[in-house]
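These are the residues of each chain, in order.
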Amino acid sequence: MIRRVWSVLPGPLLLRVAEAAVLVAVGLVALHFFYSWLGTTFLDPGGTIG
Amino acid sequence: MQNVPAVETAPRLDSAEFGLAARLARAVGWTLIWLGMLTLGFVVHQVWVTTWLAERNQTDLDQQRVAYFDNAEINEVEYVPPVIDPETGQIVVGAGGAAVTLLSEAAPPLGQPFAVIRIPKIERLRNGWTVVEGVRLVDLRTGAGHMPNTPLPGQPGNAVISGHRTTYGAPFHEFDLIVPGDTIEVETALGTHVYTVRETLVVKPTDVWVTNPKPGAWLTLTTCNPKFSARERLVVVAELVDGPNASAITGQL
Chain G
731 MIRRVWSVLP
741 GPLLLRVAEA
751 AVLVAVGLVA
761 LHFFYSWLGT
771 TFLDPGGTIG
Chain X
705 MQNVPAVETA
715 PRLDSAEFGL
725 AARLARAVGW
735 TLIWLGMLTL
745 GFVVHQVWVT
755 TWLAERNQTD
765 LDQQRVAYFD
775 NAEINEVEYV
785 PPVIDPETGQ
795 IVVGAGGAAV
805 TLLSEAAPPL
815 GQPFAVIRIP
825 KIERLRNGWT
835 VVEGVRLVDL
845 RTGAGHMPNT
855 PLPGQPGNAV
865 ISGHRTTYGA
875 PFHEFDLIVP
885 GDTIEVETAL
895 GTHVYTVRET
905 LVVKPTDVWV
915 TNPKPGAWLT
925 LTTCNPKFSA
935 RERLVVVAEL
945 VDGPNASAIT
955 GQL
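The listed protein sequences derive, respectively, from chains G and X. Letter 8 of the first sequence, counting from 1, is numbered 738 in my numbering, and no numbers are missing. Letter 165 of the second sequence, counting from 1, is numbered 869 in my numbering, and no numbers are missing.
Rather than coming from a laboratory, the hints here were simulated on the basis of the structure. Even glycine gets a Cβ: it sits at the ideal position worked out from N, Cα and C. Hints may be right or wrong, so weigh each one.
[Stated by the list, open to error] So the derived label-pair ranges between C-beta atoms look like this:
| # | chain 1 | residue 1 | chain 2 | residue 2 | range |
| --- | --- | --- | --- | --- | --- |
| 1 | G | F772 | X | V770 | 30 to 38 Å |
| 2 | X | V747 | G | L745 | 32 to 40 Å |
| 3 | X | V747 | G | M731 | 21 to 29 Å |
Using the sequences and the hints, build the whole thing.
Structure, rendered in structure tokens:
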């Protein structure tokens with residue numbers, strides 16, 4: 731899948747590296763918010779009552 | 705010339721030779737690998753990333769808390785202790801006899817770091833953990849928050865502070881070690897309020913009665929229970945025994 735995404739990135743090599751870096755960063759941020767939601771919902775909501 | 709036997713190369717698993725079953729097995733295999741990586745990422749995120757974020761925040765929050773202490777508005781207020789009506793069991797405010805003078809501070813805005821909690825017995829809280837006002841998710845990402853609409857620590861009534869047990873620095877991680885008689889200190893702009901633990905209990909997350917007001921000055925700490933689960937709440941109930949308002953409040957009871 732990673733190779734397939736890499737192959738469809740447009741532009742010369744340097745631009746493709748930059749595009750890939752942006753995609754990775756966006757993915758990590760999305761994953762951070764997803765994990766935060768998952769954690770505060772099911773694992774440890776902070777001990778609040780009510 | 706020596707004859708070298710031809711090396712037979714195995715056909716690729718996803719080639720047409722293997723058909724649909726092989727392609728399916730390959731897809732399932734990759735799905736499991738990705739799920740495993742996502743699960744591992746979740747554990748790393750919850751245990752280390754959130755703690756790193758909370759501890760990094762603590763440094764900033766502590767500086768904000770010091771500035772807040774310097775500018776906090778402290779007033780003297782008249783306080784008449786409540787009594788419990790023996791017939792109804794309800795608290796009757798302002799019916800407890802002679803008024804006493806207490807030191808009081810204004811309620812901080814939501815998200816404001818306004819106190820430090822120290823529990824000598826708990827390693828993570830030995831040097832203090834900054835407490836912010838509010839128990840919204842964003843407030844609790846700093847580790848511990850004070851429930852609005854309950855009194856501030858050191859004031860009459862039942863001050864409630866909630867904190868994370870597993871993630872975001874997990875300041876209340878070792879709360880199962882706390883037993884009656886242990887000491888809890890909460891420092892606010894007024895000074896240091898010393899509490900003694902009276903009881904610990906495990907309740908359901910919906911048991912809001914633990915936050916109810918009661919005569920005297922109390923501190924109720926709540927966190928998730930058991931560790932790594934949101935199924936129950938571990939509650940530590942402590943009574944004010946020393947501090948700027950302690951003798952005025954307890955002397956009236």
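A quick look at each hint next to the structure:
1. Range check, G/F772 to X/V770: Cβ separation about 36 Å, and the 30 to 38 Å hint holds.
2. For the pair X/V747 and G/L745, the beta carbons lie near 35 Å from each other, so the given range of 32 to 40 Å is met.
3. Checked against the hint of 21 to 29 Å, the C-beta distance between X/V747 and G/M731 comes to roughly 23 Å, which is consistent with it.
Figure legend: structure checked against the earlier numbered hints; every hint is met.
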